[in-house]
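**Student:** Chain B: place on chain A using the hints.
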Amino acid sequence: DSGVTQTPKHLITATGQRVTLRCSPRSGDLSVYWYQQSLDQGLQFLIQYYNGEERAKGNILERFSAQQFPDLHSELNLSSLELGDSALYFCASSSQGTSGSTGELFFGEGSRLTVL
Amino acid sequence: GESVGLHLPTLSVQEGDNSIINCAYSNSASDYFIWYKQESGKGPQFIIDIRSNMDKRQGQRVTVLLNKTVKHLSLQIAATQPGDSAVYFCAENYYGGSQGNLIFGKGTKLSVKP
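Listed in order, the protein sequences are those of chains A and B. Just so you know, our numbering puts 66 at position 66 of the first sequence, and the rest follows in order with no gaps. To convert a position in the second sequence, counted from 1, into our numbering, add 1000.
Isolated chain A, as found in the complex (with noise of 0.2 Å):
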C-alpha cells in the first residue's frame, strides 16, 4: 500500500460528459502528480501541484484541470469527453516539490475512466 488514495477505481460514462477524479496523497505528502495511463501511449504526466499551487504542466489537455485544496488532497477535472479520454488516470504524491531529480513518487492504484 503506497499509502495514496484514488477514488472512483472504476468509472463508466458517456462522451461529452464531465468527470472528477480525487486523489488523497501520502500523509505529510506536498506534492501531487497525475500521470494518465493509455495502451497506445503509454504513461504521461499531466500536472502537478504543490502545497496548493501548480508546479509544472505536461501534457494535459486545455479540457482538464486540477486543483489541490487546503488539505492537500487533489481533483483532476475531465470535461467534454471523448472516447480517447479511455485510460488509467494515477495520482501520485511526493514530499519533495522543487525543481531538480530527486525523490521517489508513490503512485495510487489509479481510477480507470472508459468512455462509451
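In case anyone wonders, no lab produced these hints; they're calculated from the structure. Note that beta-carbon positions come from the ideal geometry of N, C-alpha and C, so glycine has one too. Treat the hints with care, since some could be wrong.
Claimed, not checked - Calculated cross-link-like contacts (lysine-lysine; reagent style PhoX-like; alpha-carbon spacing at most 25 Å):
| no. | chain 1 | residue 1 | chain 2 | residue 2 |
| --- | --- | --- | --- | --- |
| 1 | B | 1071 | B | 1106 |
| 2 | B | 1056 | B | 1042 |
| 3 | B | 1042 | B | 1071 |
| 4 | B | 1042 | B | 1109 |
| 5 | B | 1109 | A | 9 |
| 6 | B | 1109 | B | 1056 |
| 7 | B | 1056 | B | 1106 |
| 8 | B | 1106 | B | 1042 |
| 9 | B | 1042 | A | 9 |
| 10 | B | 1042 | B | 1113 |
| 11 | A | 9 | B | 1106 |
| 12 | B | 1106 | A | 57 |
Stated by the list, open to error - Which chain B residues stay away from chain A? Per the calculated CB distances, all over 12 Å, these:
| no. | residue |
| --- | --- |
| 13 | 1013 |
| 14 | 1015 |
| 15 | 1074 |
| 16 | 1076 |
**Tutor:** Quick look at chain B alone, frame taken from chain A:
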C-alpha cells in the same frame, strides 16, 4: 488485472535465473533515471534510481546500470522470483525539470516461470 499495454516487449525467465531489462532513453540532458515496477491492477512502484554521475547502483537483488554514451539503462534482477512478474518501466528526468515530470518508457513485461 488491468492491462497496461498490448504490444509490450516481453521477457520470460525461469525462477531463480537473473533477469536483465533494457531501456534506451531519449534525452541526453536527462540526469536522473528511475525504474518502476507495475503489477497488474496496481500503480507503478519505485524500485531503484540512479543519477547521471554514476554508472552503477545496487539495491536489494537489483542493480541499475547507466551508459550515458549510448543513452542506455538496464535493470538487473538477481534470482528472479514469481513475485517479480510485472511490467517494468524506466523513466528519465532532466535537470531543471519538475521532479514529477518523468518521461516513461513503454515498459517491458517480465514473466517468471516457476
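**Student:** Next step is simple, just say for each hint if it's right about the structure.
**Tutor:** Checked hints:
no. : hint            : verdict
1   : B:1071 / B:1106 : holds (16 Å)
2   : B:1056 / B:1042 : violated (28 Å)
3   : B:1042 / B:1071 : violated (29 Å)
4   : B:1042 / B:1109 : holds (14 Å)
5   : B:1109 / A:9    : holds (23 Å)
6   : B:1109 / B:1056 : holds (23 Å)
7   : B:1056 / B:1106 : holds (22 Å)
8   : B:1106 / B:1042 : holds (17 Å)
9   : B:1042 / A:9    : holds (11 Å)
10  : B:1042 / B:1113 : holds (21 Å)
11  : A:9 / B:1106    : holds (23 Å)
12  : B:1106 / A:57   : holds (21 Å)
13  : 1013            : holds (23 Å)
14  : 1015            : holds (26 Å)
15  : 1074            : holds (19 Å)
16  : 1076            : holds (19 Å)
Figure legend: structure checked against the earlier numbered hints; hints not met, in rising order: 2, 3.
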